[in-house]
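Residue-level listing of the chains:
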Amino acid sequence: MRNRWLILSLLVGFLILLSSFDQGLRPYTLSYPEYWPAPHYDLNKNPLTIEGIALGRALFYDPILSENNTVSCANCHLSFTAFTHVDHALSHGIRDSIGTRNSMALMNLAWSRYFMWDGAVNHLDMQAIAPITHPAEMGEDMPHVIEKLNASAQYPDLFKEVFGTEKVTGEYLLKAISQFELTLNSSNSKYDKVMRKEDGVQFTNQEKKGYYLFQRHCNSCHTEPLFTSGEFKNNGLLMDPQLKDLGRVKISLDPRDSLKFKVPSLRNVEFSQPYMHDGRFRSLSQVLTHYAEGIQSSNTLASELSEGIALSPEDKVDLIAFLLSLTDKEFLFNPDHSFPRK
Amino acid sequence: MKCIKDFVIILAISAVHFCSLAQELKVFINPVFNSQSLDLSAEFEVKEHCIKTFKCYLTSFELLKDNRIVWTEENSNHLIDASLPESKLLNLNVPKDLQYNQISFLVGVDSLTSVSGAFGGDLDPTKGMYWAWNSGYVNLKLEGFHPNSSSPNNEFEFHLGGYLPPFQTVQRVCLFCAMNSPLEINIDLDTFIKSIDLEAISKIMSPGEKAKEMSIIAAKYFSCKYEK
Chain A
1 MRNRWLILSL LVGFLILLSS FDQGLRPYTL SYPEYWPAPH YDLNKNPLTI EGIALGRALF
61 YDPILSENNT VSCANCHLSF TAFTHVDHAL SHGIRDSIGT RNSMALMNLA WSRYFMWDGA
121 VNHLDMQAIA PITHPAEMGE DMPHVIEKLN ASAQYPDLFK EVFGTEKVTG EYLLKAISQF
181 ELTLNSSNSK YDKVMRKEDG VQFTNQEKKG YYLFQRHCNS CHTEPLFTSG EFKNNGLLMD
241 PQLKDLGRVK ISLDPRDSLK FKVPSLRNVE FSQPYMHDGR FRSLSQVLTH YAEGIQSSNT
301 LASELSEGIA LSPEDKVDLI AFLLSLTDKE FLFNPDHSFP RK
Chain B
1 MKCIKDFVII LAISAVHFCS LAQELKVFIN PVFNSQSLDL SAEFEVKEHC IKTFKCYLTS
61 FELLKDNRIV WTEENSNHLI DASLPESKLL NLNVPKDLQY NQISFLVGVD SLTSVSGAFG
121 GDLDPTKGMY WAWNSGYVNL KLEGFHPNSS SPNNEFEFHL GGYLPPFQTV QRVCLFCAMN
181 SPLEINIDLD TFIKSIDLEA ISKIMSPGEK AKEMSIIAAK YFSCKYEK
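These protein sequence lines map, in sequence, to chains A and B. Residue 285 in this note's numbering sits at position 285 of the first sequence, and the numbers go up by one each step. Residue 65 in this note's numbering sits at position 65 of the second sequence, and the numbers go up by one each step.
Chain B with its partners taken away, still in its complex shape (with noise of 0.2 Å):
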């Protein structure tokens, strides 16, 4: 047995080795919020204007080249935590030389991962995205405080998510890009927000037809520093 395993070893190394030709491709995810780069890792403190949450699933990321896709990254599943600042940088293994002008991903996760059963990391069910009372991931949280919320104290909470027909929420972006590293994917929450009559609605806490809607936006407001 041990034979055995220590030439699966010796294999295993010469196949990492092998996929050595890959180069790493960062990715920075930035939500931008009062026109800066959001960060809520410090302590939280309540204002009028403010946000307390903000966390988004990135997955099923490709690159491509004038429409075509070229690469794909297997396993691709990225939470986004504006409180975890390590969250918002992704290291993506891409060939070396690889050619392209487009990154594209889901916003959220999708619909067979929402029925497979239980994942671990960034899909582990106790990273406060998951639903108990109806199965699914939340796609993307937003929490916080505006003047304009009817809410009492001013709050708004927009969980969005739901994977079943007629009211999936999952959303691909495909954005132009330059082949840099890091690649900048800005999160423009400033106009996301601007954009919901808050006092009109202040809270979605589950999937449906306003949910959809609040997703289709939201997907609306990514955008890559490069692009072309």
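One chain only, chain A, in its complex shape (with noise of 0.2 Å):
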């Protein structure tokens, strides 16, 4: 019986497929460096499409995912600050709303297993309903989002040539957000031109210097090549008395998680401050005077940084010269991934 309905399901499925050919729709391929690990994302399960990206990015832009049509992704994450919100150690939204955390920037989401800062999102299709619901951010509620767009006059015929349904539902809305933002890869920083040896493109010496400082003290959390290890940790900051946050624990329930957020990825990180998941630091100056002098010790802090991180004023100068150095313009100023001008 479950072979029959396996040959009905492929036949369907060819079938499908046959039609999306009819429909028109271009495949997108995700290209990405050969060094860097396979994507976790499955992409089986949502494939990209030129048109489903357009329309992914169509919704990232529009603020009718928001209670009062005023707020939408990109208030948040504007794509000349690697899609992250600068200036604001917390995040505002809806109505002047501020939030509890400074938002992440948003690049290279192929490659992540969890999302926001304390990980409370397992999957990229999922992350987009917390800003969307959230009452600080964009206050709306996922049913009457739904109602707008099957009301509107443009979304209900651009949903029919991706996804091929009548309707616009939850699922189909998440993934053409997903769609959009998987595109969103950054991987020609000087940095990847110089392990890509490129055009003769090499480090500085002030960058070499930096490098190796990295990769002697940084490397372990903020792993090469997406400059993140994916993982929760503490790193010795003094819990704000009154956001009172306690990152991770809240998620797993395991007090060991307790004050552990998730390990940020370093690219373009010339271009995403403040810094932390309170925006606490402005500048990597700051930041980097927190690992030297600043680490506070606790049950949990991550044990790379037990004794600090100990760094001369020279230490820092080089070592702020190669994290420049993972600075993508191409990324940054990608018209692909800016305001849909039509």
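No lab work stands behind these hints: they were computed from the structure. Model, not experiment: these values are computed from the prediction. Cβ atoms here follow ideal geometry from the backbone N, Cα and C, with glycine treated the same way. Please note that the accuracy of each hint is not assured.
[As the list claims (entries may be wrong)] Now the in silico label distances, taken between C-beta atoms and shown as ranges: (1) B/Ser111 x A/Glu224: 46 to 56 Å; (2) B/Glu48 x A/Gln286: 23 to 33 Å; (3) A/Gln286 x B/Ser83: 47 to 57 Å.
[Unchecked claim] Below, computed lysine-lysine pairings styled on BS3-like, alpha-carbon distance capped at 30 Å: (4) B/Lys52 x A/Lys45; (5) B/Lys210 x A/Lys244; (6) A/Lys250 x B/Lys212; (7) A/Lys148 x B/Lys52; (8) B/Lys212 x A/Lys244; (9) B/Lys141 x A/Lys45; (10) A/Lys167 x B/Lys212; (11) B/Lys52 x A/Lys244; (12) A/Lys250 x B/Lys210; (13) B/Lys141 x A/Lys148; (14) A/Lys167 x B/Lys127; (15) A/Lys160 x B/Lys203; (16) A/Lys250 x B/Lys127; (17) A/Lys167 x B/Lys141.
[Claimed, not checked] Stretches of chain A that chain B covers, calculated by requiring three or more beta carbons in the stretch to come under 8 Å of a beta carbon on chain B: (18) 115 to 122; (19) 126 to 139; (20) 170 to 176; (21) 205 to 212.
Starting from two chains that each stand alone, build the complex the way the hints lay out.
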């Protein structure tokens, strides 16, 4: 019996594939450097197409996803700043509400297993639900968003084109947003070009010294080539007495996760200030001073930081020079990532 | 391209005919409250002791013969909602002449599905059974009013979910049954509510030990009318 259904499923799948050709959907191949690991996201469950990515991009920049149609995803995730919200320690949303955390930069999301500073979201598809429904971010509820999209002049046809569905559903809304987000990939920084030995690009002596320091002191958590291990770590920050944010433990309910937060990628770190989950540091220099002199000891402190990181003033300058080599202007100023002008 | 498509359509129709060797087993899920079938499809009216919401996921249906699995439903995800009468009647396509004497299912959504992204149908995250702030499905939602509840205006709200160890809440239920159709599976909400100390606990809104304990209790109140 199971085999019969398998055969039927295969045939139906083949039909769907044929009908997708008929619809003229153009497949999009996610490309990434050969020295990167395989993506965590299962692209077979949400095959990328040029049309699907364009739909996701339209939704990403459309305030229709917020309760009063004023706030879009891009409000807190600006393309020119590595898709994060700069100049605010804590990101703000609908009706100038202030949240409790610094928005995260969005890039190389296909390689991410958990999302949000505490890993509360376990899949890229489901991430958008959190900001859409958060009262201080977009303040909407999902059924109402779907109702608005179904009633709009443009979206039903776009969803039909991409997913072959008569109605916009939660599943397809989320998959469309994922399609766009999956294209936000940064792999063309100076660091990448040096690694690829491209066009004779080389580190300066200062960057070389910084890279050496990075590999010695930072790489165990901000692991190359994605510059994050994807783990949760307590990096020795003193807990903000007002926010009282304990991080991962709220999700895992495991006391060993107290004060642990997701290790963010350092790619494009030059443009993604402020830093840390609560945006307490405004410059890379302040960050390095924390690691050199400000580590707070606790039971859950990352073992790598138990002695702090000994950095001279020269070391800090060299390290920052290397960190700036992670800036990828092709990513930051990619016109395919910005507001979709018609 | 058209020839290929026609060929595939013919093949698909043949396959459907092939699959018509199946028979439909209707399963009626019957939440029972005040000794009556719970129907929340009418306009809600607050009473001293009443239920406002009852929803639960029943998934991964299986039929067994003497504890041996003889049939498994593919893509088996059903959201039961007491306010939607049609959601309480499940149509399972099982092979003709299949011999079985037990029916089994999960109360809740399994952990693999919980970490596998967006789904449609009953698993669509817009159905009000998905936690945004902490990924995962609410497996069972029971809300209402009871004089013993310690909450303001005597309300109680139990949203039972969580897939991460050690506080997984999904429960497998296995019941003896006859080979009747429709098969009626009752959920004894009267006894379930009586078993809860509402003065001590009237709300569960997140995963954890209490959600796990109550999920284990809830699973005990499923029974099959034709149980032998």
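Status of each hint after checking the structure:
For the hinted restraint 46 to 56 Å between B/Ser111 and A/Glu224, the CB-CB distance of approximately 31 Å leaves it violated. At roughly 59 Å, the beta carbons of B/Glu48 and A/Gln286 sit outside the given window of 23 to 33 Å. Judged by the Cβ atoms, the range 47 to 57 Å given for A/Gln286 and B/Ser83 holds: they are separated by roughly 54 Å. Of the supplied pair hints, the one linking B/Lys52 and A/Lys45 is violated, its CA atoms being roughly 37 Å apart against a limit of 30 Å.
For the given pair, B/Lys210 sits about 24 Å from A/Lys244 by alpha-carbon distance, which is consistent with the 30 Å threshold. Simply put, A/Lys250 and B/Lys212 have alpha-carbon atoms about 16 Å apart, close enough for the 30 Å limit, and the pair holds. Annotation: proposed proximity of A/Lys148 to B/Lys52 holds, straight-line Cα distance about 27 Å (limit 30 Å). Distance hint between B/Lys212 and A/Lys244 is fulfilled; the C-alpha atoms sit about 27 Å from each other, no more than 30 Å.
For a cut-off of 30 Å, the pair hint linking B/Lys141 to A/Lys45 stands: about 29 Å separates their Cα positions. Proximity of A/Lys167 to B/Lys212 is assessed by CA-CA distance (about 36 Å); at most 30 Å being required, the pair is judged violated. In summary, the hint linking B/Lys52 to A/Lys244 is not supported, as the alpha carbons are separated by about 35 Å, beyond the 30 Å threshold. Of the supplied pair hints, the one linking A/Lys250 and B/Lys210 holds, its CA atoms being roughly 15 Å apart against a limit of 30 Å.
About 27 Å separates the Cα atoms of B/Lys141 and A/Lys148, which keeps this hinted pair within 30 Å; it holds. Our distance criterion of 30 Å between C-alpha atoms is met by A/Lys167 and B/Lys127, whose separation comes to about 15 Å. Annotation: proposed proximity of A/Lys160 to B/Lys203 is violated, straight-line Cα distance about 41 Å (limit 30 Å). Between A/Lys250 and B/Lys127, the direct Cα distance comes to roughly 25 Å. Compliance with the 30 Å bound is thereby established for this hinted pair.
As the CA atoms of A/Lys167 and B/Lys141 are separated by approximately 27 Å, the hinted pair is consistent with the 30 Å bound. For the stretch 115 to 122 of chain A, the proposed coverage by chain B is satisfied: 3 residues have a C-beta within less than 8 Å of a C-beta in that chain, meeting the threshold of three. Counting residues of the stretch 126 to 139 of chain A whose C-beta lies closer than 8 Å to any C-beta of chain B gives 6; at least three are required, and the coverage claim holds. Judged by the Cβ-Cβ criterion of 8 Å, the stretch 170 to 176 of chain A is covered by chain B as claimed, because 5 of its residues qualify and three suffice.
Residues of the stretch 205 to 212 of chain A with a Cβ under 8 Å from some Cβ of chain B number 0, which does not satisfy the need for three, so the listed coverage is violated.
Of the numbered hints listed earlier, those contradicted by the structure are 1, 2, 4, 10, 11, 15 and 21.
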